[in-house]
Amino acid sequence: MAEHNETGNKAEAMAAKFLEKKGYEILDQNYTHGKGEIDIVVLKDGWLVFVEVRARSEVAHGFPEQTISKNKASLIIKTAENYIYEHDWHGNVRFDIIAITVGEKFEIMHFEDAFF
Numbered sequence: 001m002a003e004h005n006e007t008g009n010k011a012e013a014m015a016a017k018f019l020e021k022k023g024y025e026i027l028d029q030n031y032t033h034g035k036g037e038i039d040i041v042v043l044k045d046g047w048l049v050f051v052e053v054r055a056r057s058e059v060a061h062g063f064p065e066q067t068i069s070k071n072k073a074s075l076i077i078k079t080a081e082n083y084i085y086e087h088d089w090h091g092n093v094r095f096d097i098i099a100i101t102v103g104e105k106f107e108i109m110h111f112e113d114a115f116f
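Going by full-length UniProt numbering, 82 is the number at position 82 of the sequence shown; the sequence numbering is gapless.
The hints are simulated quantities; they were obtained by calculation from the structure and are not laboratory data.
Careful: at least some of the hints might be erroneous.
As the list claims (entries may be wrong) - Calculated cross-link-like contacts (lysine to aspartate or glutamate; reagent style EDC-like; alpha-carbon spacing at most 20 Å):
| id | residue 1 | residue 2 |
| --- | --- | --- |
| 1 | K17 | E107 |
| 2 | K17 | D28 |
| 3 | K70 | E112 |
| 4 | K17 | E112 |
| 5 | K21 | E107 |
| 6 | K78 | D113 |
Quick caveat: nothing in here was measured; it's all calculated off a predicted structure.
Based on the provided sequences and hints, a complete structural model is requested.
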């Protein structure tokens with residue numbers, strides 16, 4: 001497995017644990033539809049939340065949360081629309097980012113309602 005894939009898998013596992021500790025219920029991980037993928041789907045307080053996990057070993061070229069392009073956000077939204085349809089969800093929806101910086105200093109940040 002490529003090193004970046006291994007790092008991504010570890011970051012997603014850390015993000016899932018982080019969310020569970022904050023009271024989120026994990027519904028799905030690595031949900032795919034077509035070319036899109038949603039890292040984590042969670043539920044909390046009546047909100048269905050689609051979470052994109054981003055990790056970086058250094059921030060010299062930007063913070064993890066800054067690496068989501070408009071095209072990537074659009075693909076996540078389209079994939080989420082399919083998830084909503086498949087699961088017949090009629091409640092509130094939100095898109096969050098979990099940004100993880102690993103290096104000299106480990107940091108995890110949760111950006112709620114990051115894009116739409």
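Evaluated hints:
no. : hint       : verdict
1   : K17 / E107 : 14 Å, holds
2   : K17 / D28  : 13 Å, holds
3   : K70 / E112 : 17 Å, holds
4   : K17 / E112 : 17 Å, holds
5   : K21 / E107 : 16 Å, holds
6   : K78 / D113 : 16 Å, holds
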